[in-house]
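Please build the complete structure, drawing on both the sequences and the hints.
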Amino acid sequence: MSVHATIEGTAPHLVDTRFTVPGIRCAGCIATIERGLAKVEGVDSVRVNFSAKRVAVRHVDSLSDDALIGALEDLGYEAQPVAANPLATDDAEAKSLLRALAVAGFGMMNIMLLSVSVWSGAGGVTRELFHWLSALIALPVIAYSGRPFFSSALMALRHRRTNMDVPISIGVILASGLSLYETVIGGEDAYFDGAVMLLFFLLAGRALDASMRNRTRAGIGALLSRMGKRAHILGADGSTRVLDADDLEPGMLMQVAVGEALAADGIIEKGDTAIDNAMLTGESAPQPAATGDVVHAGAINLGNPVDVRITAVASDTVLAEIARLMDEAGQSRSQYVRIADRASRLYAPAVHSLALLAFIGWMVAGAGWHFSLTVAIAVLIITCPCAMGLAVPAAQVVASGALAKKGLLVKDGSALERLAEVDTALFDKTGTLTLGEPVPNITALSDEQKAIAMGLAQASRHPLSLGLSRALAAEGVVPAEIESVVEESGSGVTGRIGGRKVALARSFVATEGPSTALQIDGASTTIAFTDQLRPDAREALAQLSLMGVESRVISGDRSSAVDALAAKLGIAGQGEIRPEGKLALLEELRSRGLHPLMVGDGINDGPALAAAHASIAPGTASDVSQQAADAVFLGRGLMPVAHAVRVARRTMSIVRQNFGFAIGYNILAVPLALLGMVTPLIAAIAMSLSSLVVVGNSLRLAKEGR
Amino acid sequence: MNGLTFLIPIALGMGALGLAAFFWAMRDSQFEDLDGAAQRILIDDPEDQQ
Numbered sequence: 002m003s004v005h006a007t008i009e010g011t012a013p014h015l016v017d018t019r020f021t022v023p024g025i026r027c028a029g030c031i032a033t034i035e036r037g038l039a040k041v042e043g044v045d046s047v048r049v050n051f052s053a054k055r056v057a058v059r060h061v062d063s064l065s066d067d068a069l070i071g072a073l074e075d076l077g078y079e080a081q082p083v084a085a086n087p088l089a090t091d092d093a094e095a096k097s098l099l100r101a102l103a104v105a106g107f108g109m110m111n112i113m114l115l116s117v118s119v120w121s122g123a124g125g126v127t128r129e130l131f132h133w134l135s136a137l138i139a140l141p142v143i144a145y146s147g148r149p150f151f152s153s154a155l156m157a158l159r160h161r162r163t164n165m166d167v168p169i170s171i172g173v174i175l176a177s178g179l180s181l182y183e184t185v186i187g188g189e190d191a192y193f194d195g196a197v198m199l200l201f202f203l204l205a206g207r208a209l210d211a212s213m214r215n216r217t218r219a220g221i222g223a224l225l226s227r228m229g230k231r232a233h234i235l236g237a238d239g240s241t242r243v244l245d246a247d248d249l250e251p252g253m254l255m256q257v258a259v260g261e262a263l264a265a266d267g268i269i270e271k272g273d274t275a276i277d278n279a280m281l282t283g284e285s286a287p288q289p290a291a292t293g294d295v296v297h298a299g300a301i302n303l304g305n306p307v308d309v310r311i312t313a314v315a316s317d318t319v320l321a322e323i324a325r326l327m328d329e330a331g332q333s334r335s336q337y338v339r340i341a342d343r344a345s346r347l348y349a350p351a352v353h354s355l356a357l358l359a360f361i362g363w364m365v366a367g368a369g370w371h372f373s374l375t376v377a378i379a380v381l382i383i384t385c386p387c388a389m390g391l392a393v394p395a396a397q398v399v400a401s402g403a404l405a406k407k408g409l410l411v412k413d414g415s416a417l418e419r420l421a422e423v424d425t426a427l428f429d430k431t432g433t434l435t436l437g438e439p440v441p442n443i444t445a446l447s448d449e450q451k452a453i454a455m456g457l458a459q460a461s462r463h464p465l466s467l468g469l470s471r472a473l474a475a476e477g478v479v480p481a482e483i484e485s486v487v488e489e490s491g492s493g494v495t496g497r498i499g500g501r502k503v504a505l506a507r508s509f510v511a512t513e514g515p516s517t518a519l520q521i522d523g524a525s526t527t528i529a530f531t532d533q534l535r536p537d538a539r540e541a542l543a544q545l546s547l548m549g550v551e552s553r554v555i556s557g558d559r560s561s562a563v564d565a566l567a568a569k570l571g572i573a574g575q576g577e578i579r580p581e582g583k584l585a586l587l588e589e590l591r592s593r594g595l596h597p598l599m600v601g602d603g604i605n606d607g608p609a610l611a612a613a614h615a616s617i618a619p620g621t622a623s624d625v626s627q628q629a630a631d632a633v634f635l636g637r638g639l640m641p642v643a644h645a646v647r648v649a650r651r652t653m654s655i656v657r658q659n660f661g662f663a664i665g666y667n668i669l670a671v672p673l674a675l676l677g678m679v680t681p682l683i684a685a686i687a688m689s690l691s692s693l694v695v696v697g698n699s700l701r702l703a704k705e706g707r
Numbered sequence: 005m006n007g008l009t010f011l012i013p014i015a016l017g018m019g020a021l022g023l024a025a026f027f028w029a030m031r032d033s034q035f036e037d038l039d040g041a042a043q044r045i046l047i048d049d050p051e052d053q054q
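Protein sequences appear in the order of chains A and L.
Counting along the first sequence from 1, when you hit position 587 you're at 588 in the numbering used here, and nothing is skipped either side.
Counting along the second sequence from 1, when you hit position 45 you're at 49 in the numbering used here, and nothing is skipped either side.
Everything labelled a hint here was simulated from the structure, so no lab data went into it.
Just so we're clear, the structure is a prediction, and the values are computed from it rather than from any experiment.
Here are some, though not all, of the chain A residues that point toward chain L, as calculated from beta-carbon distances under 7 Å:
{"hint": "1", "residue": "Ala-28"}
{"hint": "2", "residue": "Ala-32"}
{"hint": "3", "residue": "Asn-50"}
{"hint": "4", "residue": "Phe-51"}
{"hint": "5", "residue": "Ala-103"}
{"hint": "6", "residue": "Phe-107"}
{"hint": "7", "residue": "Asn-111"}
Each residue gets a CB set at the ideal place from its N, CA and C atoms; glycine is no exception.
So, in structure tokens, the structure goes:
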């Protein structure tokens, strides 16, 4: 497939690349990206997937990922490349369920058509013909649509366990067999309709469930994709060659250009620079790094080109360690037993024993094997867990739809179950409680100072410069024309206006947040930056505490900054915590029997997000955090977090009602079935009604979205 | 009884047609991006603006 076009004049080789673009929010974004990228030379076609927030680009081989990311950034969207298609396997499962559902629906409609004719009095030859026709439709349909249940039941039996699929499979197979027998001997009743309908409703539940779980799922691979993919290695003779990250070895000397992500851990051997370590520490300000300092894979070099002696590669890097922590933490959470599984553990054996007892009972009473078997099948079918099977997914799908309208995307059905149980909330600071955008205090600056600051800030990609130019641009400041602008990492931007020397330099004045010094001819003015709180942070925390959820801040940022913020919000706070520290804290909370909710955005929050009982990440968070979290909230507000907890609790009470109803229905229906009083018509109506009631009850959650 | 000999095949055929249409739509990945399809209706055609 990946044969390169080597002959001159042949069509250029096209490749597909996928990017995650969390900023896609509306139809305008789709249009901007699709049209804007299509104009880039070498791009063949662009397709935005709005649901998955992904962009698939078909382009010529020579166009690099970075160039495309640059083009996306020019359009105003932050993007990250994703590995081939991690969703493919999940997609396949959801698709096969949908196909089975469609086939079952087709079979159900046609068999019902024939059955209704039989029930309304068709007799003799017509009835026999209809039964044969039903058999003709039902048997292939059952063989096709029943596969998800049969294979799962077989798997369970092979491991000497039972699950909800075992009684379903036995019921369907027995019912089909008996119906076929009835058809052959020209008997009065056939239960093909019941069997197919059972499959249809159960598949509907499964498909709903799968569509929920597949909203967004991807692996740890996304984290490792943050690591630089290749490095320029400096040979002993001064020559450079490009090596893939996999081929790097400790001891090699790599040249890291400005803006490049490091492909391995190492020690700086030559050069001074500034490093964006945000993904490891969560601290947003770049850190100066000089000869002898340790730098980590995944960090981005912001300042000058440096030479780095490699100390650790691939799976030994700190980044890979975080991925491993996350993997382990995620596994502990996957041991959570979903409510539907818990129900099925009790349900399956009860139904089996009941059906068996009915069979034995009627045999002992001398009713003959045919009647006894009919009653046993009726018990298996009427206790059909249709309502049971729909109880959870129906409520969860409606609730997640309602939450999506409020700006919160829930990725996994079990997330709502876990969210409903949380009693402690841990918030990261930068980018979570705050917006993660440094906002400068520029009220004290004169117009001239503003113009100069704007001119200097424009020249730099430093986060503070970006914040400064954004704030000044919002005021409509026209940048001054500055000559010979030079950016020196760690010290700032310098330039000249006429004969005057101007600079945006590192500030040595102590301020609460980060700050920079604007120097004009030696006169220095400090510009202090603050990272603004999300506008409704206080309100959201108040709502959470009303629901009995206690909040606190844990962050990798400096303790002083964290304490100040925590004091302002009136909650507990702890700073300078590394990823392992966050994990340990979660572990401690768990051991005290609490169910912690983690809200965070940095890659360093990844393991904590994966380990917490439930987790939420903002839409601006790194790809990895979004993958690790159960839910993602969009927009500037923090309120969706409070909504999530409230709606999750409401969902669980609806789920409990659904279960209550399903159990009540069985208590009513089972005695009738045991007494042999259930005709196919009654069974069919009862089954449909019970499912409809459950769906109707779940729809009440839709009003939470308004 | 005579009516049934062609009415039932017609009913089955129509059902099968619907099923085939659904399979075709799914293979054509029309269910890949349901939210996107809802949004795309709002995008103006570039030719209309000129």
